[in-house]
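Input sequences plus hints: build the corresponding full structure.
Numbering of the sequence shown is given in the UniProt record's numbering, commencing with residue 1 and proceeding in unit increments.
Please keep in mind that the hints were generated in silico from the structure rather than gathered at the bench.
We put the beta carbon where it would ideally sit given N, CA and C, even for glycine.
Hints are supplied without guarantee of correctness; some may be wrong.
BS3-like cross-link-like pairs, simulated, lysine-lysine; straight-line CA separation at most 30 Å [said to hold, decoys possible]:
#1 Lys238 <-> Lys270
#2 Lys321 <-> Lys105
#3 Lys271 <-> Lys342
Each pair of labels, with its calculated beta carbon distance range [to be verified]:
#4 Glu41 <-> Leu197: 48 to 58 Å
#5 Glu265 <-> Cys193: 15 to 25 Å
#6 Leu197 <-> Glu71: 45 to 55 Å
#7 Ser316 <-> Gly296: 24 to 34 Å
#8 Leu173 <-> Cys193: 26 to 36 Å
#9 Arg284 <-> Pro198: 43 to 53 Å
#10 Lys68 <-> Lys264: 45 to 55 Å
#11 Lys264 <-> Lys177: 24 to 34 Å
#12 Phe118 <-> Thr33: 13 to 23 Å
#13 Lys177 <-> Glu253: 27 to 37 Å
#14 Val89 <-> Ala304: 53 to 63 Å
#15 Ala212 <-> Phe366: 16 to 26 Å
#16 Val141 <-> Lys177: 30 to 40 Å
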Amino acid sequence: MTEQQKKIESKKKRLVIVSFTEAGTRLARQIETLAKNTAYEVSRYVKSRYVMEEEVPETMRATAILGKLKEQVQVWMRQMDGIVFVGAVGIAVRSIAPFIENKAKDPAVIVLDEEGMFCIPILAGHLGGANALALWIADAVGAVPVITTATDRKKRFAVDLFAKENDLEISDLKLAKEISAALLAGKKIPICCEKELPEILPEGLYCCEDFAEEPARPGIYIGIKRCGEEGVLSLIPKAVTVGIGCRRGTDKEKIDRCVHEACKEADIHKKAISRVASIDLKAREQGILEWCRESGIPFAVYPAEVLNDVEGSFTSSAFVKETTGVDNVCERSALLASDGGKLIQRKTAVDGVTAALAVREWRIHFA
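Structure (structure tokens):
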């Protein structure tokens with residue numbers, strides 16, 4: 001496992017549990033205890049007159065919501081990975097309704113009755129992980145999981161769940177829905193991948209070598225390359241690293257143009273970018289920082305001596321060597337950030353900015 005993968009694996013999922021009664025608070029406390037040493041980091045809240053601190057045993061105390069529940073839920077919907085309501089479904093629905101955005105952004109929302117009999121995911125079942133969370137909670141407390149998503153009920157391939165499990169970006173959520181509907185209707189879906197597919201695929205999928213010669217639509221393409229075929233959903237691995245070099249004071253627009261051009265030349269989907277890298281002299285370069293922040297992409301920097309130790313053939317520049325101590329910043333940093341990957345696009349220069357692309361090894365698996 002690479003260092004990047006270890007960081008992803010070790011990242012805790014932020015889970016909030018809100019209860020409304022004494023029994024519900026006890027159940028919330030039980031879930032919090034069971035969640036220790038798991039992927040979940042739990043915080044508990046209570047919305048009830050019962051929860052004044054002097055009335056609650058110290059071991060059960062949670063943060064009291066003194067204002068309106070909706071105001072607190074609005075914050076949770078932006079900041080949390082999951083919300084568990086120990087109470088009525090109606091309370092949960094009314095609380096989250098004004099703040100629902102889309103499948104790609106919404107957190108997992110679960111409802112559990114105060115007796116711990118039923119555990120129901122009501123939002124973000126696949127991409128948000130609500131179904132998986134509901135199954136875990138149900139198993140932990142002995143509840144019955146109530147899963148209502150059709151692909152789960154009929155045991156069909158769920159493209160959004162597959163994407164989440166393999167850390168793939170979905171190019172078009174509407175098209176993803178069409179594919180799920182087609183599979184549920186019994187239609188066959190062609191799938192093409194830049195990596196070798198297993199001989200046995202989930203029911204409803206069949207291997208396709210080239211969509212230019214495959215008339216059936218919709219279809220699924222898995223890879224970092226751009227697929228321009230109409231009606232084909234791209235599932236894009238976050239596997240590409242971008243190395244950047246630039247003059248001091250370069251704005252984010254120039255950074256964007258250069259990255260865009262590098263991706264265009266390599267025929268790489270921009271959604272495949274997982275990390276941006278450069279020399280440590282650029283650690284506070286505002287143009288790069290702003291572009292990364294707006295794109296939601298982490299930025300890594302390396303000292304000159306570390307970049308010089310990177311093995312490979314690079315496009316050398318005497319001027320860059322004299323200025324930074326490294327003969328090529330963008331190619332070396334892109335390759336180093338790829339965790340043992342390979343260069344796929346050498347230095348691209350636009351408006352005084354240089355960018356290079358590397359790709360780490362990636363693979364997919366079917367559950």
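Hints versus structure:
A threshold of 30 Å between alpha carbons decides the hint, and for Lys238 with Lys270 the separation of about 9 Å falls inside it, so the pair holds. Distance check on the hinted pair: Lys321 and Lys105 sit about 43 Å apart at the alpha-carbon level, beyond 30 Å; violated. Distance restraint check for Lys271 and Lys342: the Cα-Cα separation of roughly 18 Å lies within the 30 Å cut-off, and the hinted pair is therefore satisfied. Checked against the hint of 48 to 58 Å, the C-beta distance between Glu41 and Leu197 comes to roughly 36 Å, which is inconsistent with it.
Range check, Glu265 to Cys193: about 23 Å between beta-carbon atoms, so the 15 to 25 Å window is met. In this structure the supplied range 45 to 55 Å holds for Leu197 paired with Glu71, their Cβ-Cβ distance being about 48 Å. Separation of Ser316 from Gly296 is about 33 Å and conforms to the stated range, judged on CB atoms against 24 to 34 Å. Between Leu173 and Cys193 the beta carbon distance is about 20 Å. The supplied range of 26 to 36 Å is therefore violated.
In this structure the supplied range 43 to 53 Å holds for Arg284 paired with Pro198, their Cβ-Cβ distance being about 46 Å. A beta carbon spacing of about 49 Å between Lys68 and Lys264 agrees with the range 45 to 55 Å that was offered as a hint. The given range of 24 to 34 Å is respected by Lys264 and Lys177, whose C-beta atoms sit roughly 29 Å from each other. A hinted range of 13 to 23 Å for the beta carbons of Phe118 and Thr33 is consistent with their spacing of about 21 Å.
A hinted range of 27 to 37 Å holds for the C-beta pair Lys177 and Glu253, which are about 34 Å apart. In this structure the supplied range 53 to 63 Å holds for Val89 paired with Ala304, their Cβ-Cβ distance being about 58 Å. Ala212 and Phe366 have their C-beta atoms about 25 Å apart, which keeps the hinted 16 to 26 Å range intact. Remark: the range hint 30 to 40 Å for Val141 to Lys177 is upheld by a beta-carbon distance near 32 Å.
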